[in-house]
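Q: On the provided structure of chain B, position chain C as indicated by the hints.
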Amino acid sequence: MRKRQAASATRREIYEAERRRRSLAVAAASTAVVVLALIVLVPLAPGWEKVQKSFFNGAVLAKSFPRLLDAFKVNVMIFAWSAPSIAILGLLIALARGVRAPTLFPLRIFATIYTDVFRGVPVILTVYLIGFGIPGLGLPRPWNSPYIWGSVALVLTYSAYVAEIFRSGIDSVHHSQRSAALSLGLSEGQAMRDVILPQAVRNVVPSQMNMLIALQKDVSLLSFIGPVEIFRQAGVFKSLLANFTPYVGAAIIFLAVTIPATRYADYLMAKQTRERR
Amino acid sequence: MIKRFVFALLSSALVTSVAHAGGHCAAGKTLTDGKLTIATGNPAYYPWVMDDAPESGKGFEAAVAYAMASEMGFPAADVVWVRTSFDEAIQPGAKNFDLNMQQYSITPEREIVVDFSVPYYSAPMAVLVGKGAVDTAPTMADLKGLKWGAVGSTTAVSKLENVVKPESAILLYADNADVNAAISANQIDAALFDLPTALFLSAVMIEGSKVIGQFSADASDNPDQFGMLMEDGNALKDCVNQALTKLAATGRLAAIEAEWLQDTTGVPLIK
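These protein sequences, in sequence, are chains B and C.
Residue 258 in our numbering sits at position 258 of the first sequence, and the numbers go up by one each step.
Residue 260 in our numbering sits at position 260 of the second sequence, and the numbers go up by one each step.
The following block holds chain B by itself, in its conformation from the complex:
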């Protein structure tokens, strides 16, 4: 790109700068109008006072927030051990789906069925089935813990999605890369490990970030089988206080984590798009 002195801006550039300023002003004005309308009009609704008391109650929020934060630690804990397991199992399933050797065909069938089943079944059903079903077989404590089997259910479901994303990543690497690697004398395994996977994984990082964000919210589904994480804790407050504000409190805590994560995923995605151009 050629560099140009500010003083010697062309008429075209002056015109474009003017257009930019105008669109910025219009955007600001329309945003202000919408926000103002929300702030002024919503409280005018006849039920607003009641809604405010039930959903945005400062006293209830103050009372419940510390315990919600405490319960959120359970979410973070479950997330922390589930996410790496999901990444590893997902990658293994993706590799299993891609095996070419005829003897390993059963592995390929297994991986296909696995992704079909666990992507098709609602997460909550898997959580119930595995969280209550497997301990019901008669496992001794602590091996029948809902934390363990609930996490297993999450790992099974999410690794199916993650495997599909990895597979699309592997497919996105042009097959000439593999041919080139093989012609250099690398084995199939080496080609996969050293040539294809590094590119494939990089290609799908933004999509996998979305899975992380989704997982972070779905950890709450474990509340159905016992663990008192933030969603259940909010539900307890809701029932005791007959007020929905604790859910809003939980949402605030979730957003405090997911918004930065979403922004980061967007950033990665934009960066990738730029690099590919």
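In case anyone wonders, no lab produced these hints; they're calculated from the structure.
We put the beta carbon where it would ideally sit given N, CA and C, even for glycine.
Any given hint might turn out to be false.
Claimed, not checked - Calculated from the model, a selection of chain B residues having no Cβ within reach of chain C, i.e. all distances over 10 Å:
(1) Ala9
(2) Asp194
(3) Thr262
Said to hold, decoys possible - To be clear about the criterion: a stretch of chain B counts as covered by chain C if any three or more of its residues have a C-beta under 8 Å from a C-beta of chain C, and this derived list gives those stretches:
(4) 51–57
(5) 96–102
(6) 144–155
(7) 216–225
A: Same frame as chain B, now just chain C:
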């Protein structure tokens, strides 16, 4: 069977006479004029409602509902049943019921948001233990050592947190069925329910389980008096309270209790 039938005939005859004679304190105050809309749970549990069919009038709450309706001047045919969750009952805005009856414990916090009738039942809380813990003594010291569970939307949670104070973390569930599953899977030793529910679950639902003790119903920290839930400021409240008070005074409420709720005297008090 025949006795039931005669009873039903008698009560329907009673209902029609009351409908004409009774004061119309509910006139114009119900959701639909001339009908009394009562909400119950989905599903509604035994022994509060038998077979999830409140229309039959069988089960403690269903029977109380019909007795109260007739007291208020509504014949059985004018009682309409709807189903709600707990959340629907406390959400702001218009309600789709006049009364909601599903073992709501009356608490001061809830009274801020909704209205309650006078209590129609005082339920002591009881400890239900699974197969592995049936030998636990009904003392506070022994109860603390158990692995506890409860339904997350009930007052059992605060009872556990404030009175029992168990040593390990409490596990909470969405409904009775899930607590059963957790006891059956040996994930928890014990769960806290109101006494009639605990007795039912132990007798019918969970093999090998036992109700080992109850908290005394008049303990000052026991909030478990069941009231009918109404929208905040519902004009019907006085009428409902009159009817319930009359049912209690005439001994009708006690008779319904004796008919539908199991004998609860055999369960030892927790020390």
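Q: Going through the numbered hints above, which ones does this structure break? Give me the numbers in ascending order.
A: 5
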